[in-house]
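Keeping their order, the protein sequence lines are chains A and B.
At position 125 of the first sequence the residue is numbered 125 (this note's numbering), and the sequence of numbers has no breaks.
Count along the second sequence starting at 1, add 1000, and that's the number in this note's numbering.
Think of the hints as simulated: they come from the structure by calculation, not from any bench.
Note that beta-carbon positions come from the ideal geometry of N, C-alpha and C, so glycine has one too.
Among the hints, a few may not be true.
[What the hints assert, rightly or not] Stretch by stretch, here's where chain A covers chain B in the computed footprint (C-beta under 8 Å, at least three residues): (1) 1183 to 1189; (2) 1229 to 1242; (3) 1319 to 1333; (4) 1477 to 1484.
[Said to hold, decoys possible] Covered stretches of chain B (in silico footprint by chain A; criterion: 3 or more residues with CB under 8 Å from a CB of chain A, positions within the stretch not fixed): (5) 1353 to 1367; (6) 1442 to 1448; (7) 1514 to 1525.
Number of protein chains: 2
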Amino acid sequence: MLYDELNSNIDYSRSNLRWDGWGAYSEDFLLKDHVVEILDHLVELWNLPKFPKTPGKKWEDLSVRKIRLTEKELLELEKICGKEFVKTDNYERIFHSAGKSYYDVLRIRNDFLKEYVDVVCYPQNETQIIQILKFCNSKKIAVIPFGGGSSVVGGVEALKNKDQKAILSLDLTKLNQLLELDMQSRTATFQAGIYGPKLEKILNDKGYTLGHFPQSFEYSTLGGWVAARSSGQQSSKYGRIDKILNSLKVITCTGEIYTWKLPPSAMGPDLNQILAGSEGILGIITQVTVKIHPLPQARSYFGFLFPSFERGIEFIREANLKGLKLSMMRLSDEDETELFQILSKIGKQETWKSKIKDKIIQKVLEWNGIGNTKAFMITGVDASYLEIDEVVPKAKYLAEKYNGFYAGTKPGKNWLRSRFNMPFLRNYFLENGVGVDTLETSITYDRILKLHEHVKEKIKSSLKYCDVMCHVSHSYHEGASLYFTIIFPLDLQNPIEQWQVMKRSATEAILEVGGSVSHHHGIGIDHKEWYLKTLSDSSKEGLLALKKTWDPKSILNPGKLLP
Amino acid sequence: MLYDELNSNIDYSRSNLRWDGWGAYSEDFLLKDHVVEILDHLVELWNLPKFPKTPGKKWEDLSVRKIRLTEKELLELEKICGKEFVKTDNYERIFHSAGKSYYDVLRIRNDFLKEYVDVVCYPQNETQIIQILKFCNSKKIAVIPFGGGSSVVGGVEALKNKDQKAILSLDLTKLNQLLELDMQSRTATFQAGIYGPKLEKILNDKGYTLGHFPQSFEYSTLGGWVAARSSGQQSSKYGRIDKILNSLKVITCTGEIYTWKLPPSAMGPDLNQILAGSEGILGIITQVTVKIHPLPQARSYFGFLFPSFERGIEFIREANLKGLKLSMMRLSDEDETELFQILSKIGKQETWKSKIKDKIIQKVLEWNGIGNTKAFMITGVDASYLEIDEVVPKAKYLAEKYNGFYAGTKPGKNWLRSRFNMPFLRNYFLENGVGVDTLETSITYDRILKLHEHVKEKIKSSLKYCDVMCHVSHSYHEGASLYFTIIFPLDLQNPIEQWQVMKRSATEAILEVGGSVSHHHGIGIDHKEWYLKTLSDSSKEGLLALKKTWDPKSILNPGKLLP
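Chain A extracted, bound-state conformation (with noise of 0.2 Å):
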């Protein structure tokens, strides 16, 4: 069954769900039992003694403050929601207080957090969520939207403008269901609040698929996904989110907006294309319509060695000018690929047989003209058998251009087994005192290189100890996305400043060179500084008078996006 590593079967009920890490208690990193040896190679790489345990609280200990809000409000918000929808119980609060960010677990997990939300409500319609946003904007509580809460930019982060009192979180995943497939025209209109693995399983059993897969596939919405402006793996073949939706109908605080399913047309400016994008701050989305195409038959993944970076970015551009009909191309930096190599290893026992296998690898690659560097990419093809057969010979053909080495579907196999399961990784760092942090951004071809090397060396010099990989995982017509991936041996005295000055670094290196803020992960709070910077003072006025129009409170996501 195409499809099977989609995991259908998490129960997302909060209590089974992370409150200081990624993903639900029952999933784990899939080379858990190798956590020691990655550790351990870290400490070898940087020359250092072994890595301190750095255990984070109990969820019991936090200090979350007092609810904010009187008994006679949460009746009252009962009243709307049901007794059974109304949170008010420390976990629930707790993880509805922050996001998935580095940032937001060192601070949790640590209790640096100063806020918290005071009340999580889970609105089973619309007409609910229109009482609610009454109810918070008569009584000046601010409403943080929430679907899968896996934003990694501050998106969900509890936070309340100085005139309001309490913050609710406005939980959406129990508006979860299919509202129309529409066969002919090929689109589905889902409630904004469902899972990807629901919304996948759903159309699959079809016959159909979405194709929208970010790495947080398994525990984000539709919602989310729209909201934030969120990029799938396969985005090469079904595009950005952006691209994949129809329409919408998005509650206000002010009213309603709704956009008619309709192919494109010329009327006017683009209203679904001002609320993707709009994290919450303009109005809730609670229906999404999308386009979706017939599962494909099967599908093809493999791996490309190339001499280096630049050549694979070669390739991934001409791949784009050719129309190659590639669903995916993720290529690894030089980096990258070395510790690919490394963890590829581990739990590997070496043998002579081995040895001679990887000594006979390094002659052909030789041959090849590929040395001790390299730029690993997987890449593949999600279509019909017939397609399949007429884009992979393409594909290698293209590759031998640019002294691309064909490395099998093994490497593939993995990529897909796994493709979900790094997150995970991270929640084993941070009890080990290693941190991990991800960044990405976008930018036309003429500059990408320029990019790719400014910024590593400006993380680089912003850390004492770190190892920064990077790989391009969307690319376009004019240009791709860069996504840097940057651990480093936590500073036990001043991790938040740590973070912040490698931040700070890194997004300034960015826009020194003319990148995008973010590609994918959206802006929220961690971007918001230099978002701004990107946008003329009539640009940011045309914002702030949609914010006004449709927020006038500004209850709605306080301090994501615009100021």
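With chain A held as given, fit chain B onto it using these hints.
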């Protein structure tokens, strides 16, 4: 030479362009020698006496109102733009006071137009635009941005608000330079006032193409395309202008908006897609960065005959589903096919040979399941020879599935030669008692046939005599556009009312089925009433808030798009 039909020698001096019809005086309808036969066919079709001659007025005889700017004010404008770039002669004023819709031309040639622009300015740089806007804001003068002036929805009509004393036409065609060509990222930045043929010529000479060929191509500008969300004939390959658009610069009354040259990103609401389709009411588009493509090696255009419009649409739907790389699919319904068959015989003598040939063709078609009614499609590929060899057989194979009969490359060649020429026929119709209008919509596949039928029925019931034809010209994942052409004998007593009744019937019929108010013509004045019906109150309020922010005194293009 590819694109040798692109006429880049048109003289765009306003005195060389028709004020009461389509195009330059140096250009004409290719079949002009056969207009009489076309008219005869219509007379026969409707069983009417010969149409009367209906000559329009001379431009010198129009009741152009007195200029409402003082001498001093005109001098101030001359100080800003330079004396020779401020025009107040009547020909310039008349040319800039209306677009090119049937309704526009009907009114202006009969001296029915009530309002005229008072002055035409041709700024040569952005500083001058800023100064003009400042001047007009302080003097309460309406400003109508003007590119090619080819709007067919009242997008450039001379209108002002009650509190405004005069109207200035801001002609942007002196801003017509290439600013940057980025071959790495395949983007080009142009000043917005550049005409289609000049833009293509610049790119073609360097081995590139924009690939954006709306029917107005020869008489419209890049800025106008973006402002009105236009669509080119090869949109299946190159996309609509809003997809081709990478970034832009806009001068508002309160500042500047610019977006960065970047691939897609997650940086909040998409400002590009707010400005695309803004029809000059939010600001003046001065620079546009677009995606460009290497000039294709060749092209192959050919015809298919389907047994019905429905079968042809099924082909289009599946071609989109399969990602078949056709650059265009232009499918005429049965009525349009019939008219084209008649037009194709005009000017050709019937001989015993041609009669036998026709008989044979008819027999062959019958054997292939195609009877008396048929739907003709022009389709084709702009690509490398290799790709053409790949795509054409696939298209033929798919057409067979829907009983499409391959009609060879001759119709394709004919279409390519005359693809920008049809609007010239209207010039003759209007002189000879015949009205002709076009209107278009887009809709998802589930409702496309219903819309087609309903709109034709409603148009027919609104006119005593008429011929209503339709074609699909742009298609997408989820639906397609429908383009209707309506030909009717002019009601000499009430030509305006005749048109208004028809337009209302057609547009209401479109909305009854849920189609878009416009697929690529835009909103302007003519579609405003119905466009506003498609927006919720919240949506309207949001757009008005942008207007208020960027054009607080509402001087920009009054009366268009928004209330």
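Practice prompt. Test coverage of the stretch 1229 to 1242 of chain B by chain A using CB-CB distances below 8 Å; three residues minimum.
Written response: holds (count 5)
Worksheet item: Counting residues of the stretch 1183 to 1189 of chain B with a beta carbon closer than 8 Å to any beta carbon of chain A, are there 3 or more?
Response: That given contact holds, which follows from 4 residues of the stretch 1183 to 1189 of chain B lying within Cβ reach (below 8 Å) of chain A.
Worksheet item: Are 3 or more residues of the stretch 1514 to 1525 of chain B near chain A, judged by a Cβ distance of less than 8 Å?
Response: holds (count 10)
Worksheet entry | Coverage of the stretch 1319 to 1333 of chain B by chain A, judged on three or more residues with CB within 8 Å | holds (count 3)
Worksheet item: Given as covered by chain A, does the stretch 1442 to 1448 of chain B meet the bar of three residues or more with CB within less than 8 Å?
Response: holds (count 5)
Worksheet item: Counting residues of the stretch 1353 to 1367 of chain B whose CB is closer than 8 Å to a CB in chain A, do you get three or more?
Response: violated (count 0)
Worksheet item: How does the coverage statement for the stretch 1477 to 1484 of chain B fare against chain A, requiring three or more residues with Cβ below 8 Å from a Cβ of that chain?
Response: holds (count 5)
In the structure shown, a violation is registered for the earlier hint numbered 5 alone.
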